[in-house]
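So the protein lines, in turn, are chains R and D. For the first sequence, our numbering assigns the number 1 to the initial residue and increments by one for each residue that follows. For the second sequence, our numbering assigns the number 1 to the initial residue and increments by one for each residue that follows.
One or more hints might be untrue.
[Said to hold, decoys possible] Straight-line C-alpha distance at most 20 Å; calculated EDC-like pairs for lysine to aspartate or glutamate: (1) Lys110/D to Glu138/R; (2) Lys355/R to Asp298/R; (3) Lys321/R to Asp170/D; (4) Lys355/R to Asp327/R; (5) Lys127/R to Glu246/D; (6) Lys245/R to Glu119/R; (7) Lys306/R to Asp409/R; (8) Lys356/R to Asp319/R; (9) Lys304/R to Asp170/D; (10) Lys308/R to Asp409/R; (11) Lys34/D to Glu391/R; (12) Lys288/R to Asp409/R; (13) Lys110/D to Asp23/R; (14) Lys308/R to Asp170/D; (15) Lys306/R to Glu360/R; (16) Lys6/D to Glu139/D; (17) Lys392/R to Asp170/D; (18) Lys306/R to Asp170/D; (19) Lys288/R to Glu338/R; (20) Lys34/D to Glu326/D; (21) Lys279/R to Asp327/R; (22) Lys359/D to Glu72/D; (23) Lys110/D to Glu26/R; (24) Lys127/R to Glu94/R; (25) Lys321/R to Glu360/R; (26) Lys339/R to Glu351/R; (27) Lys356/R to Glu286/R; (28) Lys288/R to Asp327/R; (29) Lys299/D to Glu75/D; (30) Lys34/D to Glu389/R; (31) Lys304/R to Glu325/R; (32) Lys40/R to Asp154/R; (33) Lys288/R to Glu351/R.
What the hints contain is simulated information worked out from the structure, not anything from laboratory work.
Here's the letter readout for the chains.
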Amino acid sequence: MKKFISLLIIFNLSSLLTSCTTDSKEIDNQVYTLIIGCDKAVDNKIRLTVQYPTYKGGSTGGSQKSGGGGDSDKESGVVDNTIVQTVEASSILEALDLMNTSTTRKISLVQAKAIVFSEEMAREGIKNYLQPIARFRETRRIMQLIICRGSAQDFIKENRTAIGDSVAKAMELASLQSDSTGYFPRTPFQEFYNAVISPYRQPFAVYAGINDYTHLKPLDPDSPSPLRPQIEILPGDIPRQGDRKFEMIGTAVFNGDKMVGTLSSYETRYLMMVTSSFKRGIMTIEDKNSKQDAIPLDIRLGRKTKIKTHFENSTPVIDIKINIEADIGAIQSRVKYEKLSNISDLNNQIETNIKKGVEETIKKAQTEWNTDIFSFGKKIARNFFTTTEFEKYNWLEHFTDAKINVEVDANVRRTGIMMDSSPIKYSEMKK
Amino acid sequence: MMKEGKFGTMEAVALTTIVLITKAFYTSIRVLVKATSTSAWFATLISCSVSILLFLLVYLLMKRFPNKELVEIFEIVTGKFIGKILALIFSAYFVYYAGSSLREFVEMIKAYVLPYTPPSAIIFVFLAVVVFFAYVGLEGIARMSYISLIIVIIGLTLILILPLPFYNVDNLFPLAGYSLQTTLFSGLLRASAYSDVIFLAFIINAIHGVKQFKKVGLTSLALSGAIISVTILCSILAFEYTQASENLSALFQLSRNIYFNRFFQRVESIFIFIWVVASIMNVALAFYMSASIFCKTFKIPNHRPSLLPFAFCTFTVTLLPQSLSEVVERNVLFLRQYSAVITYLIPLLVLLLSLIRGKKGEKIKI
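The shape of chain D in the complex, shown without the other chains (with noise of 0.2 Å):
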């Protein structure tokens, strides 16, 4: 048995919360705004709600299993071999997740600040502070997810305020954008987005139980929720849907356009520093999550030795794709738009299995 440590609510919720709102650094802006215009900010809201409703049916099926992690409630459901490839594909999704993600921030950072270094480069140092954070542990990523997600909120706030002489409340009219239907679709597809929070479940024991497993879940998307419609709302409010869906990173255009006086301009570096500390978090812990579950579904005791084969594995993700646009248009793309197929469909299919078939935990002894 895996030792995780154990942290409090505050550092689980900070540690989701920073995993889910650093998407809104990189392009899903852009591609929620192109998909819906003026309603991208109300349309994200859709999609937080409709993750909410799926993680309540997650912690129906942790509930029913008190003190089971989701990759033994596999094993308990479905049998040993079948929930083994259950979890494995968990790993497997979040060794894409981390590659993806590195690889769009990289893409991102050489696009905005360093073009010219080797992106080889700038994997390896990420890397190897991501399989220094791995190697801590879990309880040690979300303790400083708490102190990371402290100065992000400080650092966001302060890009999404100082360009207030920029926003016109009418560029958010008409309110409905492309049309109710349109929004309520990428709504309901995007809901993806938000399903990282499933994460939670592997750790239900490190976080004290089923109990905070759903509190933590439902503060930290609704908190995420509300920053990523604020920030799409300042997106819309700066730019007009047009622009706004033509940037790369639109928090990033923000802070660069941020111009009081001659003295006080050009202060995208807070940008640069939130943006950094927040992926560093995002991809370390998406990292420990694919070997903890590899280490969990075959018993080993300690997820240490098997940091750098998966720094392997992570790393030749990072480097599939070809360019940006397949970076944005394929793995992207299937993390925020259809990823809850695994993430959610997975264990809710658990769920429906171990109604029909009776399955249920042992209750706990108070």
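If we strip away everything but chain R, and leave its shape as in the complex, we get (with noise of 0.2 Å):
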């Protein structure tokens, strides 16, 4: 017995020390890529860009030196302390071979956080590219999809950070932003891969792009600084300067796995109040009581929204019913809506103003695209005894027919730590 036990030991310990070294891998003899653009190619099918970080500096991804660098950077792509490294291949895979004869480490896909594709080639198919992702072992489907305007190749040389080194955190810490802001979606791979093949819905991405600073304009004295609440605002064209110039705002909508249209800011938190995927944000609305006034609310869901589905002759019909709690950020009239007897004329304008934008979001995806990209899909399917008759009756085609009602319940919860505006004392010179 104890010589098969020793004879086990040996053995085992052999094997560890000699076939499973195949696999066994320095973490140190790899570099780890964080973000992976995809565009289409001049001379092949795919250009493919990854950005990894260099490990100088003693942090992942980090950014100490900010700046472009000299010319030698830029050719060998040095942004801050990553690589962005570009290749043309047949397919995203072999690309990633073609760039290991360069580099010195191996390129691993392991900690990759997010995948973008650019607006050009999402709007021809994406499908040849969604395989490999989801089939690939080292891929995770966490990641978030992102489609970006213009190349993908320009969009990750702006991917660096300004505040901390790891650009791999920013990176995370952005994506984040979505639930602060409702401004756009949190897509990881997993959910867009599964809507690509569902029956129920259709898949919806990340919109993002590269801001030139452009359209902040010169201080104009005298300009009438017009107030323009829910302005449709697309990535790239948000009227700011500083930090850096990737920005994501907006949801790229899909029919399959092509692009067919997009959702500006606002049209993308209702897009998200329905699916129940908000979870905050400032809404600016007009006082109806006092014109070019703004009522600043933070606003959030109260419950999850109800969708209820029947059919009517043949015609199916959607109930959603939205419950949106909201607090109090500014009243620029100093109207007293804080009062139990003004309230609920607040609550009047929360509600017009919401039931109107998620009905025209509805209505724009209906009659644009035929995309349900609200996965109302999955309600209606509780009207099918089987899934072959769900499949044959084929929702996705019939979701330009659906008749949609909309509810909204809105409730001003709190007046922030202000129960009272004051009127505003005025001087008047002496005559």
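Make the complex out of the two chains shown on their own, each in a separate frame, by following the hints.
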């Protein structure tokens, strides 16, 4: 018995120390891709761009040395303390092998946080590039799927951070901004891929772009500064300056694997309210009792959105009930909405705004693209007994026929740390 | 007469349950969801119920011959020659079961964890552990199963609870799957997936007789049915039926998707641990059963000298399939869809024959 155990130990040890080394990898012998970008190639099928840290400066994807660097840095793709490498190839996986011909360490995708497709490519269809990501052992389906305006290569070149050292951390934190603004959805690859092959719904993804800071016009003392609440903004168009040029706002809408349109920042919020993924955000409405005055509200979903479906003379009818809770951020007009007698007026203003927004967003999806990005199909499926019947009915075709009823119930819960707005006093010059 | 030792009901239930539920870690979920779509979770309950019925019929046979193991019953009812052939069919079946299960495990581990390690290296290491378990004997395997099942249940519970944010109850609709007939048919066909419980009939004396045999069999079948059903349910809740029918291992995919925040993600190592533990117990038992049935057939008192030849046979079976597709579409399909022809049909034919010929065991004197 002792002999047998000794033999077993020797055998197992020798196996572990010899054969299994084929799969052993020194952590330091690899570079870990942070983001993968896919563009339409010129001389082949795909132009793949990856960004990975250089391990200089003692942090992952750090960016202590800001700025673009010299000409040699530009040629070698150095962006802060990361390298952005691009190659053209016939497939994603082969492109990685081609990249490995010039890198000293094997490029690994196990830590990839996001995959970016250029809008041009997305509009032509990305089915050929979903399979390798879904099938490949290294890639994880928790990575975010992003559609960018312009090329993915240029987009990734701007993936840097001015706050903190780690680009990897910056990327994860940036995607969490969805929860605090609701301006863009969180779309892990898993969700996107699931929706592409789903009979219940159609996919959507984060819409992103590069802001060249030209949308912030020079100061003009004569400008009337008009109030423009719920303005439709697309990525790259936010009137701002400073921090990184990379920005995510809005939603790229798909029909199958092809991008068919986009939702603006507020339309994205309405989409997220219907799908119950909206966490919170500041919504500005125009005070109907004092035009050109804004009421910013901190809004959130009070409870999960209720969706009920039924058929009326073979027309699908969808009843949506959205419950919104809000806190008052400011009342520029100083109208006393905090008072119990006035608060219902403010509730009505919020309800009207959101109801209109949700109805228009759904109408847009129905009439312009016929894509059910709201997952109504999952509720419609309850009206069928078998999957065969449901697949035969083909909900995705019938989405456009659906009659949608939206009901919004808004409740202003809190008024900030003020309970009243006293009138502002002015003094007049003595004549 | 082989001495296999004796162990209690809990160990026996743990041993049987771990053998039955291991298939949920492999490709079975995918196959069932592909065949039935949203109703896969109750299709497996139909399989389990059918298996319980067939097991109760086997129990009738065992009750007719108290204190006799299936190998002995075969010989009493059909004569020595045919009885030995029937027993050898079971021995061969368990070699095939052990080899195919091991190959399925190897293919999965190569797909997910060790893509470039030679399969023979994994098989050697795995078989070495399995042979060691078989060397220790049935009692050792059973007691180890008891500990393993606790670990497996804890790990499985974690894997099924942590992806909670991904679950959507709406994914279960339409409720009846492709059709009720398809669900029923698949459920009936895949009763084979629960037929491994038959091994209890070969070790009835180790589990303290026919009464315990019934208790252990029914308890483990019910427990396994519930665990596999919940696992399939979670897979559909997370992936919808379309993607659940694509995943090589639904559970592994589920564990890879767990993401709570920057600090709590990539926890699939839990899965790999319980996967390896459960697979070892599963293959070890099948391997032991093949050697044990062989020894009992030829009245060999010690099973240990036969372990190496049987390890060689298992190794050969493991290497027979050319690819993963062959493993899934031939070996595994046979084991989980048609194996009842051996595991249940033979004992039931023997029961019929014993009724016709009026053969019966001696009554136990209390």
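Do the hints match the structure? See the list:
1. At most 20 Å may separate the alpha-carbon atoms for a hinted pair to count; lysine 110/D and glutamate 138/R meet this at roughly 13 Å.
2. Between lysine 355/R and aspartate 298/R, the direct Cα distance comes to roughly 17 Å. Compliance with the 20 Å bound is thereby established for this hinted pair.
3. Annotation: proposed proximity of lysine 321/R to aspartate 170/D holds, straight-line Cα distance about 17 Å (limit 20 Å).
4. Taken as a hint, the lysine 355/R and aspartate 327/R pair is honoured in the structure, with Cα atoms around 18 Å apart against an allowance of 20 Å.
5. Restraint check: the Cα-Cα separation between lysine 127/R and glutamate 246/D comes to about 16 Å, which is no more than 20 Å; the hinted pair holds.
6. With a CA separation close to 18 Å, the supplied pair lysine 245/R and glutamate 119/R stays within the 20 Å bound.
7. This hinted pair checks out: lysine 306/R and aspartate 409/R have alpha carbons roughly 11 Å apart, not beyond 20 Å.
8. Between lysine 356/R and aspartate 319/R, the direct Cα distance comes to roughly 15 Å. Compliance with the 20 Å bound is thereby established for this hinted pair.
9. With a CA separation close to 14 Å, the supplied pair lysine 304/R and aspartate 170/D stays within the 20 Å bound.
10. For the given pair, lysine 308/R sits about 16 Å from aspartate 409/R by alpha-carbon distance, which is consistent with the 20 Å threshold.
11. Distance restraint check for lysine 34/D and glutamate 391/R: the Cα-Cα separation of roughly 14 Å lies within the 20 Å cut-off, and the hinted pair is therefore satisfied.
12. Straight-line distance between C-alpha atoms of lysine 288/R and aspartate 409/R comes to about 19 Å, which keeps the hinted pair within the 20 Å bound.
13. For the hint pairing lysine 110/D with aspartate 23/R, the CA-to-CA distance comes to about 10 Å; that is within 20 Å, so the pair holds.
14. Among the hinted pairs, lysine 308/R with aspartate 170/D is consistent with the structure: their alpha-carbon atoms are about 12 Å apart, no more than 20 Å.
15. Note on lysine 306/R and glutamate 360/R: the hinted pairing holds, with a Cα-Cα distance of about 19 Å set against a maximum of 20 Å.
16. Under the criterion of a C-alpha separation no larger than 20 Å, the hint pairing lysine 6/D with glutamate 139/D is consistent with the structure, at around 6 Å.
17. Distance check on the hinted pair: lysine 392/R and aspartate 170/D sit about 19 Å apart at the alpha-carbon level, within 20 Å; holds.
18. Using a Cα cut-off of 20 Å, the hinted pair lysine 306/R and aspartate 170/D holds, with the two alpha carbons roughly 13 Å apart.
19. Under the criterion of a C-alpha separation no larger than 20 Å, the hint pairing lysine 288/R with glutamate 338/R is consistent with the structure, at around 16 Å.
20. A threshold of 20 Å between alpha carbons decides the hint, and for lysine 34/D with glutamate 326/D the separation of about 17 Å falls inside it, so the pair holds.
21. Proximity of lysine 279/R to aspartate 327/R is assessed by CA-CA distance (about 14 Å); at most 20 Å being required, the pair is judged to hold.
22. About 13 Å separates the Cα atoms of lysine 359/D and glutamate 72/D, which keeps this hinted pair within 20 Å; it holds.
23. Between lysine 110/D and glutamate 26/R the alpha-carbon distance is near 19 Å, which keeps this suggested pair within the 20 Å criterion.
24. Taken as a hint, the lysine 127/R and glutamate 94/R pair is honoured in the structure, with Cα atoms around 17 Å apart against an allowance of 20 Å.
25. For the hint linking lysine 321/R to glutamate 360/R, the alpha-carbon distance of about 15 Å falls within 20 Å, and the restraint holds.
26. Between lysine 339/R and glutamate 351/R the CA atoms are separated by roughly 18 Å; this keeps the pair inside 20 Å, and the hint holds.
27. For the proposed pair lysine 356/R and glutamate 286/R, the alpha carbon gap of about 14 Å is at most 20 Å, so the pair holds.
28. Our distance criterion of 20 Å between C-alpha atoms is met by lysine 288/R and aspartate 327/R, whose separation comes to about 18 Å.
29. With a C-alpha separation of about 12 Å, the suggested pairing of lysine 299/D with glutamate 75/D holds against the 20 Å cut-off.
30. This hinted pair checks out: lysine 34/D and glutamate 389/R have alpha carbons roughly 16 Å apart, not beyond 20 Å.
31. A distance of roughly 12 Å separates the Cα atoms of lysine 304/R and glutamate 325/R; the hinted pair therefore holds under the 20 Å criterion.
32. For the suggested pair lysine 40/R and aspartate 154/R, the alpha carbons sit about 13 Å apart, so the restraint of at most 20 Å is met.
33. With a CA separation close to 13 Å, the supplied pair lysine 288/R and glutamate 351/R stays within the 20 Å bound.
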